[in-house]
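Asker: Start from the sequences, fold in the hints, and give me the full structure.
Those protein sequences? They're chains E and B, same order as listed. Heads up: the first sequence begins at 42 in this note's numbering, then just goes up one per residue. Heads up: the second sequence begins at 53 in this note's numbering, then just goes up one per residue.
Treat the hints loosely; a few may be bogus.
Looking from chain B toward chain E, a few residues come up when the C-beta cut is under 8 Å (computed) [stated by the list, open to error]: (1) Leu113; (2) Lys133; (3) Ser209; (4) Gly210; (5) Gln251; (6) Val288; (7) Gln290; (8) Gly320; (9) Lys324; (10) Phe395; (11) Gly397; (12) Lys401; (13) Gly407; (14) Gln411.
Listing some non-contacts, in silico: residues in chain E with all C-beta distances to chain B over 10 Å [said to hold, decoys possible]: (15) Phe58; (16) Asp64; (17) Ile80; (18) Phe83; (19) Glu91; (20) Ile97; (21) Asp102; (22) Ser116.
Calculated from the structure, these hints are not laboratory results. Glycine included, C-beta positions come from ideal geometry on N, C-alpha and C.
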Amino acid sequence: MADLSGVPMDELQNEIFKMVQEDMGKKQLKAKDITNAMIQKFGEDKCSKESCKEAIRTLIDSGRLVYGYFGGSSSIQVPHKEGSEPDK
Amino acid sequence: MANETKKTSTPLLDELEKGKWPSFVKEIKKMADKNPRAKDLLGQLEQSYKDKVTHWKHGGLVGVRGYGGGVIGRYSDSPDKFPNVAHFHTIRINQPSGWFYTSKALREICDVWEQHGSGLTNMHGSTGDLVLLGTSTDNLEPIFTKLTNKGWDLGGSGSVLRTPSCCAGPARCEFACYDTLDLTYDLTQAYQDVLHRPQFPYKWKFKMSGCPNDCVASVARADMSIIGIWKGDIQVDQEAVRAYAKSGVDVQSEICDLCPTKCMSWDGKDLKIVNKWCNKCMHCINAMPKALRPGKERGAAILIGAKAPILQGAQMSSVLVPFMKMEPPYKELKDLVEKIWDFWGEYGKNRERIGELIQRVGMGQFLEALEIEPKPQMVANPRTNPFIFYEEYFEEEGEQK
Ligand code: HEM
Ligand code: HEM
Ligand code: SF4
Ligand code: SF4
Numbered sequence: 042m043a044d045l046s047g048v049p050m051d052e053l054q055n056e057i058f059k060m061v062q063e064d065m066g067k068k069q070l071k072a073k074d075i076t077n078a079m080i081q082k083f084g085e086d087k088c089s090k091e092s093c094k095e096a097i098r099t100l101i102d103s104g105r106l107v108y109g110y111f112g113g114s115s116s117i118q119v120p121h122k123e124g125s126e127p128d129k
Numbered sequence: 053m054a055n056e057t058k059k060t061s062t063p064l065l066d067e068l069e070k071g072k073w074p075s076f077v078k079e080i081k082k083m084a085d086k087n088p089r090a091k092d093l094l095g096q097l098e099q100s101y102k103d104k105v106t107h108w109k110h111g112g113l114v115g116v117r118g119y120g121g122g123v124i125g126r127y128s129d130s131p132d133k134f135p136n137v138a139h140f141h142t143i144r145i146n147q148p149s150g151w152f153y154t155s156k157a158l159r160e161i162c163d164v165w166e167q168h169g170s171g172l173t174n175m176h177g178s179t180g181d182l183v184l185l186g187t188s189t190d191n192l193e194p195i196f197t198k199l200t201n202k203g204w205d206l207g208g209s210g211s212v213l214r215t216p217s218c219c220a221g222p223a224r225c226e227f228a229c230y231d232t233l234d235l236t237y238d239l240t241q242a243y244q245d246v247l248h249r250p251q252f253p254y255k256w257k258f259k260m261s262g263c264p265n266d267c268v269a270s271v272a273r274a275d276m277s278i279i280g281i282w283k284g285d286i287q288v289d290q291e292a293v294r295a296y297a298k299s300g301v302d303v304q305s306e307i308c309d310l311c312p313t314k315c316m317s318w319d320g321k322d323l324k325i326v327n328k329w330c331n332k333c334m335h336c337i338n339a340m341p342k343a344l345r346p347g348k349e350r351g352a353a354i355l356i357g358a359k360a361p362i363l364q365g366a367q368m369s370s371v372l373v374p375f376m377k378m379e380p381p382y383k384e385l386k387d388l389v390e391k392i393w394d395f396w397g398e399y400g401k402n403r404e405r406i407g408e409l410i411q412r413v414g415m416g417q418f419l420e421a422l423e424i425e426p427k428p429q430m431v432a433n434p435r436t437n438p439f440i441f442y443e444e445y446f447e448e449e450g451e452q453k
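Answerer: The following block contains the structure:
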């Protein structure tokens, strides 16, 4: 994160959050899909695998995004109530 | 209705208590007397047997904060009838290397589990984890906190490094060619990030076996099988071979004739082995453990690509590195692993195991990308692995002629 010319961390996080939010219910996004999309968006000189990894980690640790799981495969999602979860 | 009476009536499940073998129904019933989740589990299971359909729904999104794996969500499709199993999530706990526990440690887990879950466990799941069966979402964080305070951690699920597992290795077994327990612990610690935070196209399993007996069946189940092996000569104690012969072992028919490569001979006095032909099947060593031992130069063979049939058919792993020294800090192995993960991350499709990716692009391409030389040991049987072409060999031969 020493590279000051890179995308600021909070902007990167917001972009990632927006992407996940927009694709909810349409696509099962993985860390790799998000990373590729961000690098494409900001350019390789401004955004790296490492910075995306850190951004995703922060989003998950803060609970803004969560990991989802279906059929043995994982994706990154906005927290929501599961369709299959019964009403209490 | 049956499940309104105090004891759940389960005529179909009762059938599964008959016979001389252990019965999971018997075990659930024991717990059902004191645990409402276990009681409703019996009820729902009986219902499933009656209806001939499952009444479980796939869970999707459950877990503890920061972790992408370790909890597998399940919900009942009949929560009105079976309210105590409305949620019935499974928790995977990372087992210690080789499944060694103290009874105190097991009691601690059971205490947490009887308080927060169904009290039912699975020792162990086929991935290797210690499995706790059946709790609700609101109990997950308290369970996690209590277990981690005691030094436990969750195992893997989803597109992560699954909990590595190994055979008992040198802790109990004289055949071990490397320290499976240490390597398992080392890899588990080194790769915590990919174990808990899904970053792979799909699951990845490491299994460590100390010798080709492969007690954890890594060749059939692991994306990377790390199987202990030796170089050079099998150690033979001729005196001990003679003692086996004297005590009734027919060395010719039981040992030499069953050697798959026919590289052993016995003249009634000495057992001779043409070691360069030995394919390390372990037969002779297993049959006469007091007389024979793996050779002194030890390490492991690295195999790649096994998987059970999920999207495509089952596959055994095949040799990638015939021999590698296996000593801490395992740098050579880790360099190889990380190179493969990069390749898989780059080219693997969603839900594509490494074995399937190799099949799709071809072993030749895969080896080239990893800069690994093809070796004869990679060929399981002559003419069955036509993916390797010895271009240089042909060139040289052409020049000579
Ligand atoms: C006296 C004459 C011949 C002898 C001694 C002979 C010997 C052999 C041997 C030892 C093999 C290897 C088998 C293996 O590796 O499993 C072989 C394979 C083969 N031979 Fe011949 N061969 C003869 C004539 C021919 C002729 C005339 C043809 C074709 C017109 C032919 C076509 C082939 C083919 C296509 C294979 C490969 C089979 C495979 O890959 O499964 N051979 N031959
Ligand atoms: C359309 C025509 C042909 C087809 C579809 C065909 C197909 C095949 C196949 C599938 C193999 C086995 C490859 C392997 O398992 O590695 C093979 C091997 C072989 N074929 Fe053909 N073949 C054809 C024509 C020919 C002809 C015309 C000849 C000889 C005049 C020939 C000679 C051989 C030989 C010698 C081998 C063995 C090569 C080796 O094992 O290294 N083939 N062929
Ligand atoms: S795989 Fe080999 S070393 Fe490990 S327990 Fe089995 S026989 Fe012993
Ligand atoms: S290990 Fe197997 S192949 Fe090797 S000498 Fe013994 S029986 Fe033969």
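Asker: Each hint needs a verdict: does it hold in this structure or not?
Answerer: So, going through the hints one by one against the coordinates:
1. Interface hint at B/Leu113: satisfied, since its Cβ lies 5 Å from the closest Cβ of chain E, which is below the 8 Å cut-off.
2. A least Cβ separation of about 11 Å between B/Lys133 and chain E goes past the 8 Å threshold, and the interface hint is therefore violated.
3. Hint status for B/Ser209: holds, given a least beta-carbon distance of 7 Å to chain E, under 8 Å.
4. The closest approach between the C-beta of B/Gly210 and any C-beta of chain E is roughly 3 Å, which is under the 8 Å cut-off, so the hint is satisfied.
5. With a cut of 8 Å, the hint placing B/Gln251 at the interface with chain E holds, because the nearest CB-to-CB distance is about 5 Å.
6. The interface hint given for B/Val288 is violated, since its Cβ lies 47 Å from the closest Cβ of chain E, which is over the 8 Å cut-off.
7. For B/Gln290, the interface hint is violated, since its Cβ never comes within 8 Å of a Cβ in chain E; the closest pair sits about 53 Å apart.
8. With 8 Å as the threshold, the beta carbon of B/Gly320 stays out of range of chain E, its nearest partner Cβ sitting at about 57 Å, so the hint is violated.
9. Hint status for B/Lys324: violated, given a least beta-carbon distance of 51 Å to chain E, over 8 Å.
10. The interface hint given for B/Phe395 is violated, since its Cβ lies 13 Å from the closest Cβ of chain E, which is over the 8 Å cut-off.
11. The interface hint given for B/Gly397 is met, as the beta carbon of that residue sits about 6 Å from the closest beta carbon of chain E, less than 8 Å.
12. The beta carbon of B/Lys401 is not positioned within 8 Å of any beta carbon in chain E (closest approach about 11 Å), and the interface hint is therefore violated.
13. Annotation: B/Gly407 was flagged as interfacial toward chain E, and the flag is violated, the nearest CB pair being 15 Å apart, outside 8 Å.
14. With its C-beta approaching chain E no nearer than about 19 Å, B/Gln411 sits outside the 8 Å limit, and its interface hint is violated.
15. Every Cβ of chain B is farther than 10 Å from the Cβ of E/Phe58; the closest lies at roughly 16 Å, confirming the non-interface assignment.
16. E/Asp64, annotated as away from the interface, keeps every beta carbon of chain B farther than 10 Å; the closest lies near 14 Å.
17. With a cut of 10 Å on Cβ distances, E/Ile80 stays outside the contact zone with chain B, its closest approach being about 13 Å.
18. Here E/Phe83 stays apart from chain B, with its beta-carbon at least about 20 Å from theirs, past the 10 Å limit.
19. Residue-level check passed: E/Glu91 sits 12 Å from the nearest beta carbon of chain B, beyond 10 Å.
20. Distance check for E/Ile97 against chain B: the nearest CB is about 8 Å away, which does not clear 10 Å, and the non-interface claim fails.
21. Not every CB of chain B is more than 10 Å from the CB of E/Asp102 (nearest about 5 Å), against its label as outside the interface.
22. Its beta-carbon lying about 8 Å from the closest one in chain B, E/Ser116 breaks the requirement of being farther than 10 Å from that chain.
This entry does not satisfy hints 2, 6, 7, 8, 9, 10, 12, 13, 14, 20, 21, 22, going by the numbered hints stated previously.
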